[in-house]
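Asker: If you want the building blocks of each chain, they are given just below.
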Amino acid sequence: MSEARSPGSTAALLPQTPPAGGPAAGPGGPPSAEMDPVEYTLRKRLPRKLPKRRNDVYVNMKTDFRAQLARCQKLLEGSGGGHREICVHGLGLAINRAINIALQLQAGSQGALQLAANTSTVELVDDLEPDDPDEAGEPMTRTRNNSAIHIKVYYPDPQ
Amino acid sequence: MSGSKQRMREKKLSKQPASVQYTPPPPPPSSSSCPSTPLNGSQGSGTPMPGHSSSTHDASPGGPSDQGGWVRGHQKDGGDYRVDFPKYITATPFTMARAMEIQAMLKAVTKAAGSCHVFGAIPKHMRRRAMSHNTKRLPRRLREVANRMREKGLKAGGKKEQPKSKSRKARRRHGNLLLEFNRRQRKNMWLETHIWHAKRFHVLKKWGYCLGDRPTSKCYRACHRAMSNHCLLQDLSYYCCIELQGEEDKLLACLSRLTSKETGPTFAAVLALSGRRQGGATLYRAGQYPSQPLGPVTFLWRPRTSGSSHRQLWLWAHPTLKQDLLPELQSVCQCSEPIIPVVPPVAMPVQPAPTPSPGPRKADRIPGAKRKRSARDEDGPPEKKIVGDGTRPPSAPVSWTSASTGILITDLTLEIVRYRLIGPQSHAVLTEALEAATQCDAMSNAMTTPLWWPDHCKDQAKMTLHWQQAEVFETFKGVCSTGEVPSGTVLGLNVEDPRLALPQKRTKALSDVTADQAPGGWFEYTSGSVLLGSLCLVMQMCQVRILVEPYADKTRELMLKGVPEHCCQSSLWDHFVRDNVTDNRLSEQEINRMKREVLVPGSRLSPTPLQSRVPVLLVHQPGKQVGQEMGSWGAGWDLLLPKGWGMAFWVPLVYRGVRIGGLKMAIKHSQGQGAPHFPHDYPDCPAGVRFQEEQEAELLNKFKRRPPAKRTNYIKHGCLAPFSCPWQQLAEEWELIVGEAAEAGHGAELGVRTDAQEVTSQGECSATVAQSGFSVLRNRKSLRLLSAWCRPTTSKGQRSLRARDQAAPLDAASQAAFLTTHVRALAWVRLSLLTKGKPELHAQVCVATQEDLRRLADKEADFGGPLEHPHKDRFKSRVKRRKKTSKKTQTSSTAPPTSKASDPDAADLARASATGSPDPTPASSVAERGQTPVSASAATPQGPPSSDLVLGLWPDPLPSVTAHCSRVTLGWVTQGDFSLSAGCGEALGLVSLEGLVHTLMAQPAEQRGLVLLRNPSALHYRLAKLNVEV
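Protein chains in written order, with the numbering used here: chain A, 1 to 159; chain B, 10001 to 11030.
Think of the hints as simulated: they come from the structure by calculation, not from any bench. No residue lacks a Cβ here, since even glycine has one placed at the ideal position from N, Cα and C. Keep in mind that the hints are not guaranteed to be accurate.
In silico PhoX-like pairs for lysine-lysine, Cα to Cα no more than 25 Å straight-line [as the list claims (entries may be wrong)]: (1) B/Lys10261 x A/Lys44; (2) B/Lys10836 x A/Lys62; (3) A/Lys44 x B/Lys10561; (4) B/Lys10477 x A/Lys44.
To spell it out: a stretch of chain B is covered by chain A in this simulated footprint if at least three of its residues, at any positions, have a beta carbon under 8 Å from a beta carbon of chain A; those stretches are [said to hold, decoys possible]: (5) 10477-10487; (6) 10557-10564; (7) 10625-10632.
Take the sequences, apply the hints, and build the full model.
Answerer: Below, the structure written as structure tokens:
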């Protein structure tokens, strides 16, 4: 998937403003403007896992680009399953790469493949853990949104 | 002739007549020398010829029987066949000599030579197996002899004729089997799943328990896959639960002395205190932080009941930790009055005494009861299965109370079964295996039963709580992965007996979230395909509307807020309910009988019997919490059950397609999480120290079991301590090195200003020197700082995507300040190899030299890391000499003076340690000075005790551990393996904090955190990236 697949914990200076792209008023806690920026550790949870069929490809930023491209090509070829269509998904930073993969696939097929793209918004959850848990109170959760793209790469039906 | 051949021959000849030489009593003067010798010589029998006695057999001043005798074949050196025949023979002595020879020959023939077995008498192809104890397999003529021989052997061997054991059928009869089982678990306790494990696992006796170590089948990879994709189950019931009861503020006041806020959340953390989350903490001896740690515990508070400040707290600790923890808790809480458990008092778990089970069970048994059993019932109460702790004498106190604080401590070891499910699908397994208890019907409500559930049903408040809990449990079905739930969430639940709905076949439980249920997400298709070039904006807009529409509100709430506080309550906390449930469990037999009577085979048993409701607690385990990648890997759920119900839940879980792991997988689990595993990775805790000693002894034994020629010579590999790590020595040496380096630096550059620091550091040192030892750094703030200094990277050394600004840049001042606060500390680090290589246990972590780093930066082709020059084993000759002398002392009883042998050895030793590093680097030359006192002590004329000397291992006073090799040692690896999830070799270990900071300072900024790693049995250093993860 995307870089959001690899969440980390860092002693964070939390941004005072909610991140662009979504309201940050998570139901778990007070709005972010109130929190003391130093006292919390930001820990990102994984995005919701999704059902995965054989012809779904989730693109991430860690795996080598060529490897991911080769995987898609193999899925479309007869040897690797011979799917008539595959779906390439990218989240956040990986959107760019997902589009790139899809276009490369199309370019490599001499026009046989067609693309259909959809976009969506994914809700992500962050945990804010107080460093000094006895006094600072409860850990909070915060939701934010991120964009995602789903590209269907398919052979059109011969008519 | 080799030694064994020689021995064989001696044995053969031992029963032969010694000499057949005829010495003529009155030798006539003329024929004194001639007559017998030449002839005897030609026969090769009589004359003892010096050439014939074997040359290897030098230590034989023995009798003539040794030297004389026949030697087969042509002898090289005995080639002096006499050719000069005598001129005449005197008849009488000649015939007498021959007669004697014939006599001896006859004697030799009649006497059985060599092995006294009769089987030697029959040719090989006629020998059969088991002839030795079934003599009828022998030919008849030999039977008698064989019988005699056998009797003699039995008598001589001292083997008692074993009392004829009962027939297998009798032994396997239920009651007798139970007796046998109970006897076998007197010493090492069995978990409830023991028999299941014993059939499938290698079982170890550890920590007073019999625990499954690893499965007998090959499933290492499958288990790893289960952990990262599906679900791995492990029986953790051996973890000890200690219950504390008392007023909240008093409990907190007492317990706060054991913890420190600097190490993270304590017992007073808000969420944990409310009972909504499970907490974890590292405990120290009262008020001793940061020295004298005890070990990590997890804890669970019972949610508050309204209007009462009386609280209940469970501490879960490893069994080796319990023996340190319990006395500490008693002293902290001033609980010294044991409650003798003769009368079942309040808060007393029922002892597993052989009391017959109460009424309902017996009444149920009647239809299936057998004659034999009823007959045995008359004799006395039937032997009962041990449930709970079987090793404890029934009168040993398990609870202690205090008059002053009012705190009650109860040892609940083995009172609660704990199963750990690891993996993203573990919630799916749980939702499929368990279902919330159904209410009793009105009729049974009216009756009064001794069971807890009907009573529970009558209480309206409890039932509403139950339905709420059941609802929360239902929402788990909408969760896609276990990692999505807030970490440490607790859910109390009453479930039905899972045996009632056992599937007929093993199935694989998967979460059934379909695309339309997971819409926050990620994707949904519109049927019309939209070309990438012509994205319709309107379409997109409305789609976003659809997609952002929150998935089932409840699931979302669960993910964000976790389980509401009141739903964390469970009847499992109540020991009356626990005992009631344990005593009234339906037996397996009963369930099977009910299954037989079901109309459709394999369908669910209904209606649910009254006994079949069990209170359980579900506790979420957060997965990987530290580091940049693989977040929440290995997350899962813990299932807590009342005792006695272990197998009733185990088998249904197994039938949901989980894999089962043992202790080995538990280590791999913690390794994947990057977390230290207790007691392996806690060398500063008493339990960890004990573990290290055991491990060393075990590894040494294993090493000694190999034939000497096949052992690794660790001295030649420059590995000082392959079986245990001298942490203390490491910390001390680094302290010296850094101290000297700092002095040099200060002298050159700064001068006055740092003197103050110097003084304070000296003061600190003297303060901590008194309490000898080292500590592992657990202060979160310092760890975070250190982590920033090491430059956080992902595995394989890729730099993380967002490099944060460092809080405090690494310079001399911050380094000095950092080190003064942490003296003689170790840091827990994760190492991932840059190239190939698989780190092993006790691999050395070493400082990379400038040269190594330069070669790496130059991208030299096939530079996999530098090589260590093979060391010289200066102890080899000594070991050999010792061997020889010991042999001599065996053969001739006069012992040679050992001191003579040890003097040159001591000189050897001194030379060995002085030239320990053949190619001293700048850093190691500094270390050289630090090493001198150690090596001096090593070169004392006493030398090590002789029994310690093993070929290939350094004898005890080790030379300087840091400067022994060409690269300076920083620390050692305690867990290392090829990581299947990262795809490279990964290791976890401890390094000296002083050494680490010192090294980081010396390294260029872009190559900070690169170290070398070398296995104990290899000479090749591998480059690795070091990460401190918080």
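Asker: Against this structure, judge whether each hint is valid.
Answerer: Status of each hint after checking the structure:
1. B/Lys10261 x A/Lys44: holds (23 Å)
2. B/Lys10836 x A/Lys62: Judged against 25 Å, a Cα distance of about 19 Å means the pair holds.
3. A/Lys44 x B/Lys10561: At roughly 15 Å apart (the allowed maximum being 25 Å), lysine 10561 of chain B and lysine 44 of chain A satisfy the hint.
4. B/Lys10477 x A/Lys44: Satisfied, since the Cα-Cα distance of roughly 22 Å is no more than 25 Å.
5. 10477-10487: holds (count 6)
6. 10557-10564: holds (count 4)
7. 10625-10632: Held - the stretch 10625-10632 of chain B has 8 residues with a Cβ nearer than 8 Å to chain A, which meets the minimum of three.
In the structure shown, no violation is registered for any of the earlier numbered hints.
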